[in-house]
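Undergrad: For chain A, the structure is supplied; the task is to place chain B on it using the hints.
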Amino acid sequence: MEFFRIKKDIPFMSYGKFTTVISLVTFIAAVFMLATRGLHFGIDFTGGTVMEVHYAHPVDIEKVRSTLRALPDVSVQNFGTSQDILVRLPLKADVSGAKQSEVVLADLKSDDPTVQMRRVEFVGPQVGKELVNNGSLALLLVSMGIMGYLAIRFEWRFALAAIIANLHDVVIILGFFSFFQWEFSLPVLAAVLAVLGYSVNESVVVFDRIRENFRLMRKSSVPEIINNAITRTMSRTIITHGCTQLMVTSMLFFGGEALHYFALALTIGILFGIYSSVLVASPIVMWLGVSRADFVKPEKKLEAS
Amino acid sequence: MNRYPLWKNLIIGLVLVIGLLYSLPNFFGEAPAVQISSVNPSAKVDSALMTKVEALLKAAGTPFDGMYEDPASLKVSFKSTDLQLKAKDLIQNGIGQDYVVALNLISRSPSWLRSLGALPMYLGLDLRGGVHFLMQVDMKAAITMAMDRNLGEIRADLRDADVRYSGISRQGDELDLHFDDKDSMGKAKDEISRKFPDLLLTSSGLGITAQLKPEARTKIQEFAIQQNITTLRNRVNELGVAEPIIQQQGQDRVVVELPGVQDTAKAKDILGRTATLEIHMVDDEHDVKAAIAGQIPFGDALLKERGGEPILVKKNVVLTGEHINDAQPGFDNRTGEPAVHINLDGTGSRIFKQVTADNVGKRMAILLIEKGIAEVVTAPVIREEIGGGRVQISGHMTTGEAHDVALLLRAGALAAPMEIIEERTVGPSLGADNIKKGFDSTLFGFIAISIFMTIYYLLFGFVSVVALGANLLLLVAVLSLLQATLTLPGMAGIALTLGMAIDANVLINERIRDEIRNGNTPQAAINAGYERAFGTILDSNITTLIAGIALFIFGSGPVKGFAVVLCLGILTSMFSAVLVSRAIVNFAYGRRRVSKLMIG
Numbered sequence: 001m002e003f004f005r006i007k008k009d010i011p012f013m014s015y016g017k018f019t020t021v022i023s024l025v026t027f028i029a030a031v032f033m034l035a036t037r038g039l040h041f042g043i044d045f046t047g048g049t050v051m052e053v054h055y056a057h058p059v060d061i062e063k064v065r066s067t068l069r070a071l072p073d074v075s076v077q078n079f080g081t082s083q084d085i086l087v088r089l090p091l092k093a094d095v096s097g098a099k100q101s102e103v104v105l106a107d108l109k110s111d112d113p114t115v116q117m118r119r120v121e122f123v124g125p126q127v128g129k130e131l132v133n134n135g136s137l138a139l140l141l142v143s144m145g146i147m148g149y150l151a152i153r154f155e156w157r158f159a160l161a162a163i164i165a166n167l168h169d170v171v172i173i174l175g176f177f178s179f180f181q182w183e184f185s186l187p188v189l190a191a192v193l194a195v196l197g198y199s200v201n202e203s204v205v206v207f208d209r210i211r212e213n214f215r216l217m218r219k220s221s222v223p224e225i226i227n228n229a230i231t232r233t234m235s236r237t238i239i240t241h242g243c244t245q246l247m248v249t250s251m252l253f254f255g256g257e258a259l260h261y262f263a264l265a266l267t268i269g270i271l272f273g274i275y276s277s278v279l280v281a282s283p284i285v286m287w288l289g290v291s292r293a294d295f296v297k298p299e300k301k302l303e304a305s
Numbered sequence: 306m307n308r309y310p311l312w313k314n315l316i317i318g319l320v321l322v323i324g325l326l327y328s329l330p331n332f333f334g335e336a337p338a339v340q341i342s343s344v345n346p347s348a349k350v351d352s353a354l355m356t357k358v359e360a361l362l363k364a365a366g367t368p369f370d371g372m373y374e375d376p377a378s379l380k381v382s383f384k385s386t387d388l389q390l391k392a393k394d395l396i397q398n399g400i401g402q403d404y405v406v407a408l409n410l411i412s413r414s415p416s417w418l419r420s421l422g423a424l425p426m427y428l429g430l431d432l433r434g435g436v437h438f439l440m441q442v443d444m445k446a447a448i449t450m451a452m453d454r455n456l457g458e459i460r461a462d463l464r465d466a467d468v469r470y471s472g473i474s475r476q477g478d479e480l481d482l483h484f485d486d487k488d489s490m491g492k493a494k495d496e497i498s499r500k501f502p503d504l505l506l507t508s509s510g511l512g513i514t515a516q517l518k519p520e521a522r523t524k525i526q527e528f529a530i531q532q533n534i535t536t537l538r539n540r541v542n543e544l545g546v547a548e549p550i551i552q553q554q555g556q557d558r559v560v561v562e563l564p565g566v567q568d569t570a571k572a573k574d575i576l577g578r579t580a581t582l583e584i585h586m587v588d589d590e591h592d593v594k595a596a597i598a599g600q601i602p603f604g605d606a607l608l609k610e611r612g613g614e615p616i617l618v619k620k621n622v623v624l625t626g627e628h629i630n631d632a633q634p635g636f637d638n639r640t641g642e643p644a645v646h647i648n649l650d651g652t653g654s655r656i657f658k659q660v661t662a663d664n665v666g667k668r669m670a671i672l673l674i675e676k677g678i679a680e681v682v683t684a685p686v687i688r689e690e691i692g693g694g695r696v697q698i699s700g701h702m703t704t705g706e707a708h709d710v711a712l713l714l715r716a717g718a719l720a721a722p723m724e725i726i727e728e729r730t731v732g733p734s735l736g737a738d739n740i741k742k743g744f745d746s747t748l749f750g751f752i753a754i755s756i757f758m759t760i761y762y763l764l765f766g767f768v769s770v771v772a773l774g775a776n777l778l779l780l781v782a783v784l785s786l787l788q789a790t791l792t793l794p795g796m797a798g799i800a801l802t803l804g805m806a807i808d809a810n811v812l813i814n815e816r817i818r819d820e821i822r823n824g825n826t827p828q829a830a831i832n833a834g835y836e837r838a839f840g841t842i843l844d845s846n847i848t849t850l851i852a853g854i855a856l857f858i859f860g861s862g863p864v865k866g867f868a869v870v871l872c873l874g875i876l877t878s879m880f881s882a883v884l885v886s887r888a889i890v891n892f893a894y895g896r897r898r899v900s901k902l903m904i905g
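First to last, the sequence lines map onto chains A and B.
Sequential numbering from 1 applies to the first sequence in the working numbering.
Sequential numbering from 306 applies to the second sequence in the working numbering.
In isolation and in its complexed conformation, chain A is listed as follows (with noise of 0.2 Å):
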């Protein structure tokens, strides 16, 4: 079987002014999101208690509500299913977190004694905040590193073009994240990362196809070089994501809440991935100027010609 049996390149750098208007759309879409709404930090980041409890039977989430009444702020919500329930309680300064939780089971024990603690997780500020500081330097560690390592094993201008290409992506998932205001954890954070360096596999696919291709295809011109790379690699492209991504549906629907926008983080960073990384990367590759000076010597040259 064979779903892509293409006998001419699909000449992609012709659609370069087309794709680049998308993604900027998209992109300025994304930061403009993240500017308006800002993301929706789990507790990870800001602080807080996250309680799960989870009854024998399906539970009223107004009377839980009229029971917790006491404690400014609280949130109380349905967790999956109707018998579990989430509760959240911001930041207190003058009580500890670790004792709110057990005020609140305890509260809720008296209400309804078949309730079960089944997650209790308090984040203090000061933790919060080194774990902001240290998403967002693992985020630049993460860039430099591949920027660093692309630099040495391709060229500066594919190194240059795969970051670019990569952290739109991220902005772009993190502009969903804002958008529909799902909750920002810390799995979705290393999912981000994952994903970042997952996509760069895709430019470097494509890279590797083009510096061939400078090699072997003496007469062309630079967009036709990256179009055939891009063409003959799409077959690769779309079935190594198409895997991946079934692995990922797997765990949208089998790993319950705990994993549901850590896999979703990864959808749409696969989705986007695809896209970026051989219509965003490979344009700027071309803006950016390289040519086939850049990987074949001189001293070569003449000895072929």
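One or more hints might be untrue.
What the hints assert, rightly or not - Using 27 Å as the maximum straight-line C-alpha spacing, the simulated DSS-like pairs for lysine-lysine come out as follows:
id, chain 1, residue 1, chain 2, residue 2
1, B, K380, A, K99
2, A, K8, B, K901
3, B, K571, B, K594
4, B, K518, B, K391
5, B, K445, A, K99
6, B, K524, B, K445
7, A, K92, B, K445
8, A, K129, B, K445
9, A, K92, B, K571
10, A, K7, B, K445
11, B, K571, A, K109
12, B, K380, B, K391
13, A, K99, B, K518
None of these hints come from the bench; they were simulated from the model.
TA: Here is chain B on its own, set in the frame of chain A:
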């Protein structure tokens, strides 16, 4: 063509066999067990204990499956959790307080596997249930406490040396001393600099300011965190947790992980007690009522007793909790009231003897300080000089309170207060759920990829799937071997790694198709496909590895687990996708003429 030399096949086979061996323990599951470990150096875990436990269980008619002894503990496994719980109480009552009896799980894998060092993966708290605390030590308080101690000692020292001073007090981290004349100031300076080498003295006019030297400051901070870790360890022992982790993190933090703890409220209560103990003298010379009205005498503090009565206490610290060797609940010999019997160490005994001798007939207050709030537990009258370091505290206590106070004192006071700044508690039922979810995600994703690959690439797709299976096997084996902590994000990492690892095989298969299209013979296409794809595979894996390493460095907790799996998965996938799949292809197509490849 397309043959691996024998040694290469053998190495691949050997790696797979070892992989199978070390991933095997994960399939046997775990049995409920009771773990007995010693808290007292004199109580040994040996064959005598084994016989004793065996006799205890036999006498009560509680059947057990096996008994395993290692240097630190004795583990007894049972058929069911009911038997396990019954046996725990039975053993605890039978062997006394010198041992901690805790619930645990042990692998059901046969003993020959265990003797090879093959253990199941170490499950993180989000998978097995338990409590994770991150505690921050209040270093500022540690310094303040040290300065308070110095203040008390300097005061006693100057008095012993007959040096007169007009005032001594602590201002923040500094001590201020004032004198009436130059002569006594000089004497005091000599005396202090000789006896307190940790202090840096600066004098101006008729005053001396004492500060801690920077190196002394670091030493105090290091000591404070070490002392707190020791204290936490003692407290955790009282809780009876099977495999607790108590570690320093960074300069001023301690991580506490208590797997399998069900009663989290109690754990939090005992660990979260940031109590420190101090003994002060009671000021009975001044009027309490005047103090309540606002006229607190200089050098005194107005505190409350357990019963709620106000009491005036001198700020000067006589003794701190660090001099306590042991504390046991008991009863007062004379009155029969509940009491706590305390045993002091050498220095503590000397100080206590001196103080009690000087203050017969006066009262001393025992202070418990929790989160900066001091409470007077009891303020007994000193009836006589108390030597030998044996002290009894009684009054205003129930038997339960006496037990609690003793526990707190025995566990040692903290050198500095601590605060829980992060908590992650996972109930056991959620842990089991998480394992199932992680497992299901991986399983169904794997099945979906297998079906697709086999349809799309036929035989080569099937080979890719086998290679992917080998990758999973090796990854699980490496994780088991390293005893790296597996978390739910880690399980997601396994799934994701598998989804990403198939990339290598897709690259290879696409290259082979390419080569065939370009008119190469099947054998040449296989060879060229593997050779050419390798460079690309290497490149693309390295970028993911960079992301994984950054996550490992900066990630915390569960995310670190994800990063570990991601990095290890990339390494194992390089082996399986390239070498294992090639070996299989070689077996299928090597050494013979092939006219067509089953690659679709």
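Undergrad: Does each hint fit the structure? Answer for all of them.
TA: Hint by hint, here is what the structure shows:
Taking the CA atoms of K380 of chain B and K99 of chain A, the gap is near 34 Å; set against the 27 Å cutoff, the hint is violated. A distance of roughly 25 Å separates the Cα atoms of K8 of chain A and K901 of chain B; the hinted pair therefore holds under the 27 Å criterion. Distance check on the hinted pair: K571 of chain B and K594 of chain B sit about 39 Å apart at the alpha-carbon level, beyond 27 Å; violated. For the suggested pair K518 of chain B and K391 of chain B, the alpha carbons sit about 56 Å apart, so the restraint of at most 27 Å is broken.
For the proposed pair K445 of chain B and K99 of chain A, the alpha carbon gap of about 23 Å is at most 27 Å, so the pair holds. A distance of roughly 13 Å separates the Cα atoms of K524 of chain B and K445 of chain B; the hinted pair therefore holds under the 27 Å criterion. For the hint linking K92 of chain A to K445 of chain B, the alpha-carbon distance of about 22 Å falls within 27 Å, and the restraint holds. The hinted pair formed by K129 of chain A and K445 of chain B meets the criterion: a straight-line CA distance of about 21 Å does not exceed 27 Å.
Between K92 of chain A and K571 of chain B the CA atoms are separated by roughly 22 Å; this keeps the pair inside 27 Å, and the hint holds. For the proposed pair K7 of chain A and K445 of chain B, the alpha carbon gap of about 73 Å is over 27 Å, so the pair is violated. A C-alpha spacing of about 16 Å is found between K571 of chain B and K109 of chain A, which places the hinted pair at or below 27 Å, so the restraint holds. Annotation: proposed proximity of K380 of chain B to K391 of chain B holds, straight-line Cα distance about 15 Å (limit 27 Å).
Proximity of K99 of chain A to K518 of chain B is assessed by CA-CA distance (about 38 Å); at most 27 Å being required, the pair is judged violated.
Of the hints listed earlier, those the structure fails to meet are numbers 1, 3, 4, 10 and 13, in rising order.
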